[in-house]
Every structure is written in structure tokens, then in C-alpha cells.
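A.B. asks: Residue strings, one per chain:
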Amino acid sequence: MNEPVLRASHLTRIYGSGRTAVRAVDDVSLTIPPGELVIVMGPSGSGKTTLLSMLGGLLRPTSGEVVINGTVITELDEDRLPVVRALEIGFIFQAFNLLDALTVEENILFPARLREGGVAAARPRAKELMSRLGLAHRRCALPRTLSGGEKQRVAIARALINEPKLILADEPTGNLDSRTGQEVLMILHDIARDEGRAVVLVTHDPRVEDMADRILWLEDGHLRDRNEVHHWARDPVCGMKVDEWTATLISEHEGQRYFFCSPRCKARFDAAPGEWTGG
Amino acid sequence: MFLWAWKSLFSQRSTLLGSSLGIAGAFILVLFFDAVFRGESEQIVAYPEHMNPDVWVMQAGVGNMHMASSYIWDWKMDVIAAMPEVERVTPILYFANIVEARGSKLFAFVVGLPSGEHRAGPWEMSAGRRITGKGEAVIPAVLSRITGIGIGDTMRITDHDFRVVGLSRGTYSSANPVIFVTLDDLADILSAEGTYSYLLVDAKEGVSPKQLAEGIRRTVEKVNVLTTEELVANDFGLAMQMGVEIIFMMTMICSALAALIVGFSAYSLVARKQRELAIVKALGGRRGALVGSVVLQAVIVALLGYLLAVVFALLVIPQVPLLVPQLSLVVSIGDILQMGVVALLVAVIGAVIPASLVLRLDPALAYQV
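First to last, the protein sequences are chains A and B.
All residue numbers in the first sequence are consecutive under the numbering used here, ending with 279.
All residue numbers in the second sequence are consecutive under the numbering used here, ending with 369.
In short, the hints are calculated from the structure, not lab data.
Certain hints may be false.
Computed Cβ-Cβ distance ranges for the label pairs, DEER-style [claimed, not checked]:
{"#": "1", "chain 1": "B", "residue 1": "Ser268", "chain 2": "A", "residue 2": "Asp270", "range": "48 to 58 Å"}
{"#": "2", "chain 1": "A", "residue 1": "Arg214", "chain 2": "B", "residue 2": "Gly18", "range": "46 to 56 Å"}
{"#": "3", "chain 1": "B", "residue 1": "Ser268", "chain 2": "A", "residue 2": "Arg207", "range": "35 to 45 Å"}
{"#": "4", "chain 1": "A", "residue 1": "Arg60", "chain 2": "B", "residue 2": "Ser356", "range": "12 to 22 Å"}
With a Cα cut of at most 20 Å, we get these calculated EDC-like pairs of lysine to aspartate or glutamate [claimed, not checked]:
{"#": "5", "chain 1": "A", "residue 1": "Lys241", "chain 2": "A", "residue 2": "Glu252"}
{"#": "6", "chain 1": "A", "residue 1": "Lys241", "chain 2": "A", "residue 2": "Glu209"}
{"#": "7", "chain 1": "B", "residue 1": "Lys7", "chain 2": "A", "residue 2": "Asp100"}
{"#": "8", "chain 1": "A", "residue 1": "Lys266", "chain 2": "A", "residue 2": "Asp235"}
{"#": "9", "chain 1": "B", "residue 1": "Lys7", "chain 2": "A", "residue 2": "Glu106"}
Here are a few chain B residues that face chain A, going by a calculated C-beta distance under 8 Å [said to hold, decoys possible]:
{"#": "10", "residue": "Trp4"}
{"#": "11", "residue": "Ser11"}
{"#": "12", "residue": "Ile279"}
{"#": "13", "residue": "Leu283"}
{"#": "14", "residue": "Gly285"}
{"#": "15", "residue": "Arg286"}
{"#": "16", "residue": "Ala366"}
Positions of the beta carbon are idealized from the N, C-alpha and C atoms, including for glycine.
Isolated chain A, as found in the complex (with noise of 0.2 Å):
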């Protein structure tokens, strides 16, 4: 069996103290090899970010232990974490982060400072990732006047530069249309299939649940493996399946909790449930 690219283990993340604590991340345990693409859902406030935080250097547990190729990145200190951060792994943020005064080619070797030959030494690479992710013709250009699905691609190609063996996306197609999210996360699928890399992505997103590998479910704290349990319901108005766990549009009626796919279907249901419930 291949090494683990991660392994987090017994993570906890408590915010506050006493009687006011919360533990954001209870006791989580999780293990990715080379090439698994991992998607890590749960409903708003349930940890998701700090446990990505946690995963990515850049938040301290307050217990566990996070293993990145092999280091044990929450034993380093301040002064050694930079380079994990810049060569192990790879950033994608959903609001992009690309630093706004640097242009194309700039943003995407930021993180070479750190790697061998520096960034004179990692020209090729960009050159090579801008025209796969078919940037090549705005290596020059400043974020500003780039489009939403471009900056994703430029981070991505960013994340990609020092060819980290784990990638960690933060909801990369949050702030995208629905055909640019798809090629992003197609993007994503191939950096894990093909390159090998481990990618774990926290998502909304269903779409991407045909592509991962795996799907964790995050809440209050708790990771869970997804495929473990299904947690079907109908809706009642078009009869459409609808996944308990990820449903949104939710209504109750005589004690009753019904799920529905769309506002619209929520919406004739809820102007006359009894006509949908039989009751």
C-alpha cells in the first residue's frame, strides 16, 4: 500500500475556555494516500475550515497530530512551517487569493521562493502549468481584469507550482459559475487521477460527489464517512430523491420534516402541505 500523503490523527480544535469552549474539530482521525480525491462536506459552522486549517499548517491543534509526507508539521515551530507550507502543500481558496498587485505569472511562482533554484528555477513549470491551464496568453495580465474562472486557474496553477504532493481546496467553485465550478473541478479531478497527488476538497458543491474518491461529513465537530450510510428522502411535490444530509430547503408538517430539491417544490408544498401528504 502507498504511504500516506496525510494522516491527521485524534485532531481536536477547542475555541475559548470553560463553560464558553466549543470544540470546532472532535477527535479527528483521517488518512489520505497519494492520488484519493477526498471531499470533505457538512453543513455551515461545523468545522470544515479549521479542519482544513489544521490539515494545512496553518491552525494549531489543540490535540493531535497532523503527518504530512512523513513530517510532523504540528511539531514545528514558526521559523520551519513556511516551508511545509510552500513545498508539501498546495492552497486553493474560494475567494481565489491571488495577491492583487502581482500579475499572472508573478502570483503563480510566489511559493517557488522557497524551493530549490528558487523562482528563476520554476520559469519552466509556470510556463508549462499557464498553458495547460490555458493562461499563457495573461501571464502578464493583474487579477483585477482577470474573470472568476480565470483567478481559480491561476490559483490552482499557484498551488501547483512546487509540485506538492497534497493539494487543499477551500470551496474552489463557491464563487464560480456552474460550467467554470465544473471545469475547476475537473482540473482537480485530473491533479489527482493523473498527477497522483491527494486532494481534499470541502465542498457544497454535489456535483463533485461522482468524482471523489471519498466524502467525509463533518458535523459538529465529527468526521464521518458519507458512503457508510445513505440518508435518502423523496421530495414530496416531484418525487425527486434528495439527500437528508446535504438538503437546504427543508419544511415540517404535523411533526413531520420533508426535503425538497428545489424553492420551487418547497414552496407549492408549503402553500398546501396537506395536498402533498395525503393528510
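We have chain A; now place chain B onto it with these hints.
C.D. replies: Below, chain B alone, put in the same frame as chain A:
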């Protein structure tokens, strides 16, 4: 990292310009006060510098002219005049006092000259004539412009009235405008008949000022003999000493102001770019490099302010006396270079708090939408 710091700073041009102008304002204040002080100090020694005899003879224990009193017996002049090395001796009486002109009271240095003597008198006239007799005075042209006293008008020195007969050029400073009257009039005012304040002694050809000074010291008792260079150095040193504390305080206050502006600018840059800095940290930016980038930005802001102040100092300050003639301004390259060092210090001090903010910055902020 530094490329990002540089580009990030210059992408916010209005902030950069505003901060640099603020710092320039503080530095201009320092350079302006330095120029005023240096101009005044140089003007204080204008009289001895222009007279430029080989040596000055004064009362023993007196080493300068500015704000000093000196009395030597008149027979000592005769002894000196009889020395073989001496070409010429010109006596003057001198005192500093308030003079009244058209209701204004002004502090002035009054020099008493032998009637018809030009050697120790005004070196350049702008109007009228030199003094020839009792009750006459020559005043600085700038003083005439400030007070409105013209040729033919009367002014009062202690209890004596004088009629202005000429206006001199290059004899004004706000600390010591030089007024010329006759020796007899000043002796009368001071009740100092039979004495002089200073003797201006010129050596015969081939005799150096040092040799002449040595000769006089050997021949005449209870006098001090200085070359013009020594006397000017003493007076200039005294003037600098008198103003140095004020200038130091001004420099400190304006430098503190500049440091506050640099600090505020760097702080607002950091606060505004907090998210970007968190991204940089998340992408592997080292703490040292991040602090370095903040210091670099502060240094750029401070140096831009400094350069603006230097341009102003070199181009505008020398023009001010044309509009305000009573001001004597001298911009010194030494002061400008000194200000450059202050600018660097100011930048480093101003960057301390923003740098500590950067050090504490949470890289997980990068995840915030």
C-alpha cells in the same frame, strides 16, 4: 517577497503620496528651521568676516564679539600702531542694546567708527552715504524696510537721537542688525572716552596674522589677540550653542511627527492588506521576510517624503528671503544628509508596531471569504 511589497505599495498611489507628503511636511519644517538657524548664525559673523583684518585685539579674557563687552585703553592702540609689523590699526567701540525707531524697539549691535573712517564701516551701501559726523547713523536697508525709517529720519539709541544718512546691505539679521555711528557719539553714550572695544590690525606685507598676533601679545599686556578666522569661529560656535537646543528639540518633535506618520501609513497599509499578508503567510512567507517587507515599505514612504523635502529645501527655501527679506536662510548639505539618516531611523521606528502586527497575523485568515 520584496517585489510584492514594492508593487503592493505602489499600487496604492494615493495612500503613498498622502503619506509621503505628510512626512515631507515634517522634514521641511526641520530643514526650514535649520536653514533659519544656520542663516542667522552666519549673519551673526557677517561683520567680522567682512572686516577681515589680520588680527583683532580685545580686552584680555574676551574671545568673541557677539554679545560681548570689551574695553581697552586708547594708548594701547598707539603702542600697537608703533610696532614695525603693523600696517594699520582701526579702533571701534561696540555695544549691543535696544534702539527705537518709529515706535518700534529693536535689538541691535552698534558700532562706533572714527569720523571719516571707512575701514571698519559698512562694506556695501544700498542708499545714502557713509557717516561723516556727529549724530549720524547708517542702518541696514532691511531694517529700514521693516520699520519704515528712511534716510533723513531720526532714530534713538539710549538717550541720543541719530539721523539716518545711509542704508547698508548685508548687515541685517533678526538677532543682530548692525548700526554704524561715530566713535565719539558711542563713547558719549557709553561714557567710555579714552577706550576702545576692539582694534582691527592689518599687518605689513610679509607678516602673517599668527606672527602679528604673537608680536602684539609680547608687546601689550592684558589684551587678547585673535585672527579673524579664530574670532569668527568663536562667534559662530557661540551662536550655534545658543540655538542648538532649540533646533534639537524641533528636530526631535518633527522627527517624532514624521515617525507617527510613517507608523500610521505602514499600519494602515498592513491593516488594509491584512488578508493579503495572511495569504502570503499561508503560501510560505517567512516571518523575517514579512517584517522585512513592512520595513521596506516604511523606508520607501519615509525616503519619498525625505526626497520631496530635499527638493523643497533646495528649490523653495532659498527663494523665501526674496519675499521675506528679514529672514536669512542657508540650506546646508550637511543638514540635508543628516536628515536622511533621521528619515531612515524614522522609517524603522515607524515600522515597529506594524511589523509586530504582521508577526501576530493569523495565516488562517486566508480562508475567510
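A.B. asks: Next step is simple, just say for each hint if it's right about the structure.
C.D. replies: Going through the hints against the structure:
no.	hint	in the structure
1	Ser268(B) with Asp270(A): 48 to 58 Å	holds (49 Å)
2	Arg214(A) with Gly18(B): 46 to 56 Å	holds (53 Å)
3	Ser268(B) with Arg207(A): 35 to 45 Å	holds (42 Å)
4	Arg60(A) with Ser356(B): 12 to 22 Å	holds (20 Å)
5	Lys241(A) with Glu252(A)	holds (18 Å)
6	Lys241(A) with Glu209(A)	holds (15 Å)
7	Lys7(B) with Asp100(A)	holds (9 Å)
8	Lys266(A) with Asp235(A)	holds (9 Å)
9	Lys7(B) with Glu106(A)	holds (11 Å)
10	Trp4	holds (6 Å)
11	Ser11	holds (4 Å)
12	Ile279	holds (5 Å)
13	Leu283	holds (5 Å)
14	Gly285	holds (6 Å)
15	Arg286	holds (5 Å)
16	Ala366	holds (6 Å)
The structure fails none of the hints (numbered hints given earlier).
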